[in-house]
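Respectively, the protein sequence lines represent chains A and B. Read the first sequence against our numbering and you will find it ends at 694, with the numbers running on by one and no gaps. Read the second sequence against our numbering and you will find it ends at 265, with the numbers running on by one and no gaps.
Hints may be right or wrong, so weigh each one.
[Said to hold, decoys possible] In silico PhoX-like links for lysine-lysine, alpha-carbon gap of 25 Å or less:
#1 A/LYS449 - A/LYS402
#2 A/LYS509 - A/LYS521
#3 B/LYS166 - A/LYS327
#4 A/LYS660 - A/LYS521
#5 A/LYS521 - A/LYS547
#6 A/LYS449 - A/LYS463
#7 A/LYS327 - B/LYS139
#8 B/LYS162 - A/LYS327
#9 B/LYS8 - B/LYS121
Note that these hints are calculated values from the structure, not bench results. Since the model is a prediction, treat every value here as computed from it, not as a measurement.
Spelled out, the chains give:
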Amino acid sequence: MDNYNFPDQNGHFGPYGGTFVAETLIEALDELKEMYNQFKDDKEFLNEFHHDLKHFVGRPSPIYFAERLTYKIGGAKIYFKREDLNHTGAHKVNNTVGQALLAKKMGKPRVIAETGAGQHGVATATIAARLGLECVVYMGAEDVKRQSPNVYRMKLLGAKVVPVESGSKTLKDALNEALRDWVTNVSNTFYIIGTVAGPHPYPMMVRDFNSVVGKEAIGQMDDLEGKQPDAVIACVGGGSNAMGIFYPYIPYKETRLIGVEAAGHGIDTGKHAAPLTANSPVGVLHGNRTYMMQNEEGQIIETHSVSAGLDYPGVGPEHSWLKDTGRAEYVAVNDDEALAAFHNLCKTEGIIPALETSHAIAYAEKLAKELPKDKTILVNLSGRGDKDINTVANIAGIKI
Amino acid sequence: MSRITKTFSLLKSNNKKALIPFITAGDPSVEMTKKILHQLVDSGADMIELGIPFSDPMADGPVIQRASERALANNVGIRKTFEIAKEFRSSDQDTPLILMGYANPIEAIGLDEFLRLCKEADIDGIITVDYPHEESKEYVTKLRENDIDAIFLLAPTTEKERIKQIIKQATGFLYYVSLKGVTGAQNIDIDQVKHRVAEIKSLADLPVGVGFGVRDPETAKAVASFSDAIVIGSRIIQEIEKSNLDNMLENISKIIKSIREAI
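The following block holds chain A by itself, in its conformation from the complex (with noise of 0.2 Å):
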């Protein structure tokens, strides 16, 4: 992992993502990976992004030792990296600032986006409406009924929510759904992708604009503890909080990278959401090539999670290869065991979670055991629980 230098031009991690898409998005895709190309390295442009996480979004976020919860397990050393502070409550905003930013410099007045637990919807709709730009989500229909507190959140920050009916209504549609908008109104449009999966550019795209988090902790664990973490953990649906973590900390080789993804019900009932973890086949979709869960013919199939941002039958392409080059280990945890510690953590660090992000803490909680207390561990506590409570309370029958 010397000098790791992923993507290629094309788009390539080694023989994963890539660009499949349909001849009539390829204009729009050059079109952008010219212009990010153009602003990545840009002083100007990256002092306005800089600014913005700063005084809109409240960055940098802290680095937090949970104290009570690392006694209460009685191992390594569990810190987290809280960027369940920042405006909107998840990492998600820091690359919406980013795309959002490229949208108004490249004269467009229109931005869409995909949204599975509706944190990238309301991290697109806030920008959108400090940046004056109009804009419209896509979300599954079972996604607006698990999560219909983010939806109001939407529509009062004046975007337009489309529910999609077809499929399996969830994240993948959506993002279906947001790419045929993107085809049919590609010269005032800007696709705004929540995670670092589709066509390139957007998986190294939402990456660099998401690694200001493992930047950040780098600086921060180095003020803490003088060293790096023992490991670093993150939950992984398309991989976008995971990918900004771990992508600044590739060549610090003695810290472990641990994804966690979705098991929903376990593994071996094939309803979840953990395409890595199972060993799920390759395949082509949404842009890319990556692990992708589907049937014999090649028909994606319906994946289950009880955390709405990881219900994804497939993952970005980057963490495919890290998979495969052995840099970052995945593994899942069910529905029961992200439930036990979302319920933990609420009660011993006066932290309410995202279920997502629950997903990593209950790894967490499982490897702090095994260590010894004089390692440490960095989770990305990528997201606030909020939205999910109605969720928490329905499956303990509780009516709010």
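Position chain B against the provided structure of chain A, taking the given hints into account.
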């Protein structure tokens, strides 16, 4: 000479344009698809595009996506599509049959297996919507080795230099997407399409077909006046949705005949 090329040259010598209807395999059922294929030919189709059902047809509009969903509900995927194609070929050796679909089902069964099934069913051409020419070198090479035409899409936004690159890979004919959008959209601008088709024809020796947005005899007639083929899909699938099993073939036949007469 491929069956597609032969058909185009025959039509050209008769001063006619190709009519290429699209249907999805297994919609509304395997049995009906088999009947519809022959009905299309009897009503005046020159070639047929048969869609391989896919769970996530990103370049298609809601009508063709629903067709895919119905087909998948009937357990029709890539292998059943080949069974249907094979049966069609056993009683029709003249009409070119083109498969249209997405990359993932092909990769799931493997390119070599896909080609074996193509040969077995005597398929003439393939359109893989999400294989742009940069990502499909091996695919194109192997299709050529097997004498199967690799048909590529060209979009309103495809620049001249890129068109030249695509032409190098393409065989059979070029498929011009008439609008910025998905299949079945409404807002086709005839003058713009005419201008673009002329540009493509000045660069390529291949015939140029036009699809995405051709819905009625008037549009078909206008588009046929400057192109070599008309592809019509969503309009036929809407007829499948509206009809019952007793009048479906007749209703589809009426649409095809009206377009045949117009072009």
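Going through the hints against the structure:
1. Pair hint A/LYS449 plus A/LYS402 holds up; C-alpha atoms about 21 Å apart against a cutoff of 25 Å.
2. Between A/LYS509 and A/LYS521 the alpha-carbon distance is near 14 Å, which keeps this suggested pair within the 25 Å criterion.
3. Restraint check for B/LYS166 and A/LYS327: satisfied, since their Cα atoms lie roughly 21 Å apart, inside the 25 Å limit.
4. Restraint check: the Cα-Cα separation between A/LYS660 and A/LYS521 comes to about 22 Å, which is no more than 25 Å; the hinted pair holds.
5. A distance of roughly 13 Å separates the Cα atoms of A/LYS521 and A/LYS547; the hinted pair therefore holds under the 25 Å criterion.
6. Among the hinted pairs, A/LYS449 with A/LYS463 is consistent with the structure: their alpha-carbon atoms are about 20 Å apart, no more than 25 Å.
7. Of the pairs offered as hints, the one joining A/LYS327 and B/LYS139 holds, with about 22 Å between alpha carbons and a cut-off of 25 Å not exceeded.
8. Annotation: proposed proximity of B/LYS162 to A/LYS327 holds, straight-line Cα distance about 19 Å (limit 25 Å).
9. For the suggested pair B/LYS8 and B/LYS121, the alpha carbons sit about 18 Å apart, so the restraint of at most 25 Å is met.
When held up to the earlier numbered hints, the structure conflicts with none and fits them all.
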